[in-house]
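Student: Residue numbers (my numbering), protein chains in the order written: chain A, 1 to 129; chain V, 1001 to 1129; chain G, 2001 to 2129; chain L, 3001 to 3129; chain S, 4001 to 4129.
Any given hint could be a false lead.
Said to hold, decoys possible - Simulated restraints, written as ranges between beta carbons of each label pair:
#, chain 1, residue 1, chain 2, residue 2, range
1, L, Gln3016, G, Leu2109, 11 to 21 Å
2, A, Gly110, L, Asp3044, 21 to 31 Å
3, S, Pro4047, G, Glu2049, 49 to 59 Å
4, L, Ala3024, A, Thr91, 50 to 60 Å
5, S, Arg4030, A, Thr19, 28 to 38 Å
6, G, Ser2014, L, Ser3059, 13 to 23 Å
7, G, Ala2063, L, Gln3061, 18 to 28 Å
8, V, Gln1016, A, Asp3, 23 to 33 Å
9, L, Leu3109, G, Glu2075, 36 to 46 Å
10, S, Ser4014, L, Gln3061, 50 to 60 Å
Worth flagging that the hints you see were computed from the coordinates, not collected in a lab.
Virtual Cβ for every residue (Gly too), placed ideally from N, Cα, C.
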Amino acid sequence: MTDEFFYGVTLSSSHQSETWDPEAKAEYPRSNKLVIRQALLGPDAKPDELNVIQVEAMSLQEAVKLPVAVLKVGESRHVRLDIEFPDAPVTFTLVQGSGPVHLIGHHLLGALLEEFEDMEEMEEEMLDE
Amino acid sequence: MTDEFFYGVTLSSSHQSETWDPEAKAEYPRSNKLVIRQALLGPDAKPDELNVIQVEAMSLQEAVKLPVAVLKVGESRHVRLDIEFPDAPVTFTLVQGSGPVHLIGHHLLGALLEEFEDMEEMEEEMLDE
Amino acid sequence: MTDEFFYGVTLSSSHQSETWDPEAKAEYPRSNKLVIRQALLGPDAKPDELNVIQVEAMSLQEAVKLPVAVLKVGESRHVRLDIEFPDAPVTFTLVQGSGPVHLIGHHLLGALLEEFEDMEEMEEEMLDE
Amino acid sequence: MTDEFFYGVTLSSSHQSETWDPEAKAEYPRSNKLVIRQALLGPDAKPDELNVIQVEAMSLQEAVKLPVAVLKVGESRHVRLDIEFPDAPVTFTLVQGSGPVHLIGHHLLGALLEEFEDMEEMEEEMLDE
Amino acid sequence: MTDEFFYGVTLSSSHQSETWDPEAKAEYPRSNKLVIRQALLGPDAKPDELNVIQVEAMSLQEAVKLPVAVLKVGESRHVRLDIEFPDAPVTFTLVQGSGPVHLIGHHLLGALLEEFEDMEEMEEEMLDE
Ligand SMILES: [Mg+2]
Ligand SMILES: [Mg+2]
């Protein structure tokens, strides 16, 4: 079964980094996926300050660390990202600026993938009969 | 069966908050999901005023309350959100500004998920025969 | 079977309103869905004029009438909407400004939904045997 | 089987029009679909010039001819379109400006639709047994 | 089975070009697909400099080489692309400007396509019985 949850986190001077790592806390293994839809600079952000969100995540062959959003009042307060993280852990850090930056998206628990795997196994069992 | 409906709500000084909670009104239980595609500041909004939409919703582990849209005439009148709320209730509040802010999206009643669950049950029954 | 068609309509002073209502014209019932991808202010639109597109459509419980796009030369000529109308009729009206405003999207005839319903019926029939 | 290809075409004063018509060249019939993700004004485009891309395509009931992108250096160099053309032929024309305008997307050959039709036929045959 | 990975690469004066070619390194053949969600000009990019990302990839009938992103501080720091490359190799080159430009997306290994092909083969075998 696939479950889906709203996801929202706020980074600021007082909470500069957040790690998404649901597998570390899980009682039994399920696949997890995080989708970040947008980054939004809060209404009280300082004018003229560049706010930079950096992400650390695993790619196919290596760990990657790079900025994913650069936000500034009057220039780009909202950024649509639609970035997907199929593997935990993922760390978001406010590496420049004082924010607050709100990251909004959703968290999928038990991916659709499993459904197809199940179907495939079922098919194979049917063919074996 | 999955049903889908257009969804639109307007927040302003005279209607600052709206709670989406179809399950509370339902006669029999079906899953519900709300997708907000965009927030739009109406044509008569005041210039130079920041309008802030805050959302309160459940994430996997806790209730989350954060801004999802910051709108201002001449700067960002339209914001594409594409945020998904798989669980009711969700409350949208115009916490700053006088709007009007229009939230537009769609409401899914009886999610696709059920279809896959049905298929899975069916598969299991077939394998048991 | 699901058919899909490109959809485009232009609203202006001389054609201020358009109703999408394919079911009214259909010989036999099929589900219809309209997806509007973008609203675009034409190249000859007047500068400094606000153009407002209003939509009237059914939501789950009531008819809704609200603006979906506010366009202005030099500010927002293109707006990505991605709004979906699973039920006809839908009426688009240029309630302010002289346009032209082009609404672009696609029309689905016989939704994917039917496919799943068919599958579900099939499953039920198989289980009944 | 569904095949998918990257699609890119450049329109300019020296190549003002491009027709996408894969079926005309095909040896055996397969469904085709073109998705245009974005229009991009090239880095050497003239400042202060409006560039307009017009599309001609079939809708459900008639041929449609309308602008889909209006581009200008410093105002809107990139436009996200996500417009889908399920039927060839489609003609893109640079009706105003000297470009270059790059249209970028992908081309689907043998749509997912067929898969569902096949599944349905298969289901029907199973029920007939 | 379909695997999915976060993908991120940075182009700058010191690393102007990157070729994505997972098949060249693969031990056994699996289909690969690269999706680029956004291009982002890094926080330390020079003001007033145009940064141009060019892509070289195969389309259905020929190799295509064209710009996909034009970035400039204060004008367009973030560009949403959503371009899909179903065939390796794909080469991204920073042909103008000094960057850094971050390309962010995901890499699919063993496409959904295979699932459908498997299902189709299974269906054919069932019908042949
Ligand atoms: Mg399953
Ligand atoms: Mg098939």
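Student: Would you mind marking each hint as holding or not holding in the structure?
Tutor: Status of each hint after checking the structure:
1. Taking 11 to 21 Å as the suggested C-beta distance range, the pair glutamine 3016/L and leucine 2109/G does not conform, at roughly 33 Å.
2. Remark: the range hint 21 to 31 Å for glycine 110/A to aspartate 3044/L is contradicted by a beta-carbon distance near 50 Å.
3. Proline 4047/S and glutamate 2049/G have their C-beta atoms about 33 Å apart, which leaves the hinted 49 to 59 Å range violated.
4. For the pair alanine 3024/L and threonine 91/A, the beta carbons lie near 52 Å from each other, so the given range of 50 to 60 Å is met.
5. Evaluation of the 28 to 38 Å hint for arginine 4030/S and threonine 19/A yields a pass: the beta carbon distance comes to about 30 Å.
6. Distance hint check: the CB atoms of serine 2014/G and serine 3059/L are about 20 Å apart, consistent with the given range 13 to 23 Å.
7. Taking 18 to 28 Å as the suggested C-beta distance range, the pair alanine 2063/G and glutamine 3061/L conforms, at roughly 26 Å.
8. Between glutamine 1016/V and aspartate 3/A, the C-beta spacing of about 32 Å keeps the proposed range 23 to 33 Å intact.
9. Range check, leucine 3109/L to glutamate 2075/G: about 40 Å between beta-carbon atoms, so the 36 to 46 Å window is met.
10. Against the hinted window of 50 to 60 Å, the Cβ-Cβ separation of serine 4014/S and glutamine 3061/L comes to about 56 Å, which satisfies the hint.
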